[in-house]
Each structure stands twice: as C-alpha cells, then as structure tokens.
Amino acid sequence: MTQSKITKQLVSTTINGEPVEFLCEPQQSLLECLRDILGLTGTKEGCNDGNCGACSVLLDGQLVNSCLVLGVEIEGRAVTTVEGLADWRGLHPIQQAFLEAGGFQCGFCTPGILIATKALLDRKPNPSEAEIRAWLSGNLCRCTGYDKIVRAVQAAACHLNTECEVDA
Amino acid sequence: MQPFTYQAPTSVGEAVTLLADSTHQARPFAGGTDLLVQMRRGLYAPELLVDVKHIPELNRIAFDPTAGLTIGAAVSCAWLCDHPAVRQHYPGLIDAASIIGGAAIQRRATLGGNLCNAAPSGDSIPALIVLGATATVAGPHGTRSIPVADFCIAPGKTVLGPGELLVALRIPPPVPRSGACYLRFIPRGEMDIAVAGAGAWLALGEDGSITDARIALSAVAPTPLWVKAAGEALIGQSPTEDAFKEAAAIAQAAARPISDVRGTAAQRRHLVGVLTRRALQGAYQRTK
Ligand SMILES: Cc1cc2nc3c(=O)[nH]c(=O)nc-3n(C[C@H](O)[C@H](O)[C@H](O)COP(=O)(O)OP(=O)(O)OC[C@H]3O[C@@H](n4cnc5c(N)ncnc54)[C@H](O)[C@@H]3O)c2cc1C
Ligand code: FES
Ligand code: FES
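Sequence order for the protein chains is A and B.
Per the numbering used here: the first sequence = residues 1 to 168.
Per the numbering used here: the second sequence = residues 1 to 288.
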C-alpha cells in the first residue's frame with residue numbers, strides 16, 4: 001500500500017458541545033487534530049506517549065490521553081477540552097479554584113490537570129487526598145510539587161459540593 | 001507515525017476477514033496504549049489498523065456463578081474495575097487491572113491488549129494465569145480456546161496466527177474457599193512498569209488445608225511465568241507462613257531474571273521471594 005492511497009477521512013463529531021466536522025489522516029492523533037487542524041491549542045503535547053497527561057481530554061465524559069487516541073476514532077462521539085470548561089458566566093469552578101489556590105506555575109500541565117480533575121469530581125464529588133493523588137498520577141507537573149494542585153482540587157470539590165465545609 | 005488506513009468493523013467475521021487479507025499488513029487496535037507508542041517508535045508500520053472496539057462480542061463483561069466470567073477483549077481496565085461482580089468475585093484480577101497505567105490509560109487499556117502485547121512485565125497476565133483463564137480466539141479457520149498460560153511465547157510474541165483475533169478471556173467460576181492476589185514492585189506509587197510481580201491463587205478444603213494452588217510471575221523471564229512446582233508444593237499443606245516461604249523459594253529458583261534499567265537480576269530474584277510470599281498471604285486472606 002502506498003502513501004498516495006491514504007486519503008483524508010471526514011470526521012463528524014461534537015467538541016465542547018458544538019458539532020464539528022474536519023478532515024484528517026488516520027495516523028493523526030486526536031491531539032494533533034485538536035491542535036493543528038482545529039486550532040484548539042489549550043490541550044498540550046508533553047511526551048506524546050501516554051506518560052505525562054498534558055494532552056488529557058474527555059471522550060464521552062471519560063478521561064483519555066488524546067495523544068493515544070486517533071482523530072478518526074471520535075466520529076459520532078463527544079470530546080471536551082480545556083476550552084470547554086469556562087462558559088459565558090466565566091471560569092469553571094475548577095479553574096477558579098486553581099487560580100485562587102495557586103495550583104500552577106508555568107501552566108503547561110494545567111489544561112490536562114483541569115480536565116483530569118473534572119473527570120475525577122464528576123465521578124467522585126468528595127475524593128480523599130489519597131484518591132486525588134492516585135487519580136492525578138498520570139499528570140506530571142515539573143513546577144508545583146503537587147501540593148498546591150491537591151489543595152486546588154480539594155477547594156474545587158468544596159465549591160462544587162454544597163454539603164462541604166470550606167477549610168481549604 | 002507512518003500512514004495507514006483505519007477500519008472499525010462491527011462483527012468478528014468482518015474483523016477476521018480484514019486481518020486475514022494477505023494483501024496488506026493489518027494489526028488489531030484496541031486501546032492503542034501499547035500499539036500507538038510502539039508505532040511511533042517505529043517498531044511496526046502496519047498498513048491497516050483494525051479497531052476492535054466496535055465489535056459487540058469484544059465489548060462485554062458477563063458473569064454467571066456457574067459459567068464464570070467472560071471479559072471481551074476490548075473491555076477497558078476502568079470498565080472492568082468498576083464492575084460489581086468482578087470486584088466481588090475476582091479481586092485478584094482487580095489487583096492487576098487497577099494498576100495498569102493511571103486514570104487516563106485505564107480508560108483505554110484492555111486486558112486483551114495487555115495479553116496480546118505479551119510483555120514479560122504485563123501485569124494482568126500472571127493474574128489471569130493463576131485464575132485459570134483461557135483465551136477465546138477467532139480466526140480464518142474458526143474459533144479456538146487457548147490457556148492464557150500458553151499464550152505468550154517470547155517477548156512481544158504470542159501463539160496467535162495470521163488473521164487471528166482475541167475475542168474474549170474466560171475465567172472459571174470462583175470455587176468455595178479460594179482466593180487470588182497479584183502484587184508487583186515498582187519504585188514509585190503508580191504509573192510504572194513492574195520490576196517484578198507475583199500472582200497467587202489458593203483453594204482450601206473444608207479442613208482448611210490447601211487443595212490447589214497456582215503461582216505465576218511477571219518481569220522475571222522472557223514471558224510471564226507459571227511456576228507449577230511452587231503451587232504443587234503447597235497442595236495438602238496448611239496455609240502457614242512456612243509453607244508460603246517454601247513455595248516462594250521454589251518460585252525464586254524458577255525465575256530467570258535479567259538486569260536492566262529497572263533492576264538487577266539479583267534484586268528481581270529477591271523480589272520474587274518477597275512478592276510470592278505476600279501474594280500467597282493476600283490470596284489466603286481472600287479465601288475467608
Ligand atoms: C503510560 C503507560 C503506562 C502503562 N502502565 C502499564 C502497567 O502498569 N502495567 C502493564 O502491564 N502495562 C502498562 N502499560 C502498557 C499498556 O497500557 C497495557 O499493556 C495495555 O493493557 C495494552 O492494552 P491496549 O488495549 O491499549 O492494547 P493495544 O495497544 O491496542 O494493543 C496491544 C497489542 O495487542 C494487539 N491486540 C490488541 N487487541 C487485540 C485483539 N483483540 N486480538 C489480537 N491482538 C490484539 C495489538 O495489535 C498490539 O500488538 C502502560 C502504557 C502506558 C502508555
Ligand atoms: S502528551 Fe499525551 S500523555 Fe503526554
Ligand atoms: S505548572 Fe509547570 S508543569 Fe505544572
């Protein structure tokens with residue numbers, strides 16, 4: 001099979017709640033499609049092999065590394081990227097909590113960590129510190145030493161959870 | 001990555017036809033957490049990826065107290081680990097499935113891919129072996145069933161022939177007073193490849209003595225290793241610390257570890273002793 005036979009494929013999907021159509025080649029990762037075709041550069045490329053979590057997105061609500069998903073796989077499905085967190089009211093409570101708690105420094109890991117946090121809190125509104133650390137083990141941060149990230153996740157859980165007493 | 005074409009068949013028959021077509025080099029594609037990484041490194045350049053995640057038989061978990069557990073080859077680790085019957089009846093399998101990667105990898109990685117990738121360090125393979133799992137395989141000449149213990153033949157190599165597709169893993173129903181446990185050693189808390197790992201399964205008789213036992217190891221031989229003699233040495237014995245130590249010593253002797261970036265052969269052999277003993281203790285706790 002020669003390269004000339006590989007044609008672009010049309011992908012119809014939903015990204016951050018909006019219907020989207022794009023053309024891509026089968027070997028292009030979802031990460032490449034988001035960044036290079038759709039201009040959604042909030043999602044970052046760190047390692048391109050599943051280890052760093054900078055490329056985290058939600059696929060039908062499930063946390064995945066977009067560097068290990070093919071663009072063609074999202075046909076008919078729904079993707080949420082960091083660009084989909086804020087709405088017309090302003091920042092998402094998770095983003096607000098990271099801002100207030102200083103949950104980032106350079107910010108390169110932050111889009112992935114925000115998305116991973118959303119996936120965690122959607123699943124478990126009140127995670128323990130150990131659960132937060134275990135869940136975020138696939139998201140590497142070179143700057144913060146993680147403590148402030150954990151505090152930010154705890155604060156976000158509080159904001160999103162009416163029964164929680166704020167102590168963060 | 002090299003260009004390729006992508007197909008997402010919706011039946012086993014269609015998938016086998018695509019895989020068996022010798023005019024192109026095709027490869028099954030499940031979670032892609034091994035395959036895409038290896039393709040980027042240039043290990044393979046398949047011309048066709050056959051996405052197996054849209055085939056109903058590969059996308060199901062079924063538990064029946066008399067038939068046992070069937071896990072479709074495309075079931076993600078996260079799906080498996082959230083399944084109430086699997087959690088209740090096969091905690092030894094959860095030990096392994098829950099440590100393959102972090103939260104994001106868990107949602108894509110499959111036990112089918114872990115087995116077919118045939119890494120010596122594949123965490124689920126020893127757990128599947130000690131639980132007596134068999135692999136259901138479909139191919140151009142029909143369907144066959146292969147014990148997981150015989151599935152891997154060399155690093156990255158399996159018994160699968162051209163055009164063959166892993167459909168499901170089957171695990172026998174849990175027998176009374178039995179328990180399994182899988183443990184691995186990694187230098188950090190999570191997100192790492194095993195330096196060494198050990199799985200153990202025990203069944204006790206009504207008098208509390210061991211009636212059957214299996215021990216299997218990861219990352220200490222070219223393939224996941226079933227140490228039959230270590231299990232057999234336990235049969236008829238009481239589940240005591242001394243008996244577990246004796247079995248652990250047999251496992252240590254059977255291991256053929258190498259030294260690499262993750263650990264030395266001596267460290268691995270030491271770990272086999274510790275992990276086997278602890279996995280036996282864990283399995284014994286679960287017989288209760
Ligand atoms: C960051 C990271 C961390 C990881 N941590 C671990 C870990 O802790 N422990 C561990 O054991 N592994 C780990 N892995 C490796 C990998 O995630 C696992 O081996 C996983 O189970 C592979 O499953 P998959 O569905 O992604 O397989 P894929 O990558 O889709 O496929 C793997 C291989 O199996 C073949 N294949 C897949 N499905 C079938 C089928 N139905 N029939 C025939 N052949 C098939 C493919 O062609 C390919 O050769 C890690 C990987 C990454 C990237
Ligand atoms: S870029 Fe995807 S995990 Fe690092
Ligand atoms: S803030 Fe810099 S990598 Fe996390």
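Hints listed in this document are in silico derivations from the structure and should not be mistaken for laboratory results.
Be aware that a few hints might be false.
[As the list claims (entries may be wrong)] No more than 30 Å apart at the CA atoms, straight line, and that leaves these computed lysine-lysine pairs for DSS-like:
no.	chain 1	residue 1	chain 2	residue 2
1	B	Lys228	B	Lys157
2	A	Lys124	A	Lys148
3	B	Lys288	B	Lys245
4	B	Lys245	A	Lys8
5	A	Lys124	B	Lys53
6	B	Lys288	B	Lys228
[Stated by the list, open to error] Rough simulated footprint, nothing fancy, chain B against chain A, three-plus residues with beta-carbon under 8 Å:
no.	segment
7	12-21
8	37-46
9	95-106
10	115-129
11	148-160
Glycine included, C-beta positions come from ideal geometry on N, C-alpha and C.
Does the alpha-carbon distance linking A:Lys124 and A:Lys148 stay inside the 30 Å limit? holds, 20 Å
Are there three or more residues in the segment 148-160 of chain A whose C-beta lies within less than 8 Å of some C-beta in chain B? violated (count 0)
Does the alpha-carbon distance linking B:Lys288 and B:Lys245 stay inside the 30 Å limit? holds, 21 Å
Is A:Lys124 within 30 Å of B:Lys53, Cα to Cα? With a Cα-Cα distance of about 26 Å, the restraint between A:Lys124 and B:Lys53 holds, given a limit of 30 Å.
Given the hint that B:Lys288 pairs with B:Lys228, does the C-alpha gap stay at or below 30 Å? holds, 24 Å
Per the coverage rule (Cβ-Cβ under 8 Å, at least three residues), is the segment 115-129 of chain A covered by chain B? holds (count 3)
Just to make sure I understand the rule, a stretch counts as covered if three or more of its residues have a C-beta closer than 8 Å to a C-beta of the chain. Does the segment 95-106 of chain A meet that for chain B? With 0 residues close enough to chain B, the hint is violated.
Check whether the Cα positions of B:Lys245 and A:Lys8 lie no farther apart than 30 Å. violated, 60 Å
With a cut-off of 8 Å between beta carbons, are at least three residues of the segment 12-21 of chain A near chain B? violated (count 0)
Tell me whether the statement that chain B covers the segment 37-46 of chain A is true, taking a Cβ distance below 8 Å and needing three residues at minimum. Contact hint for the segment 37-46 of chain A vs chain B: violated, 0 residues under 8 Å.
Regarding the pair B:Lys228 and B:Lys157, is the alpha-carbon distance no greater than 30 Å? Given that 30 Å is the threshold and the Cα spacing comes to 22 Å, the pair holds.
The earlier numbered hints that this structure contradicts are 4, 7, 8, 9, 11.
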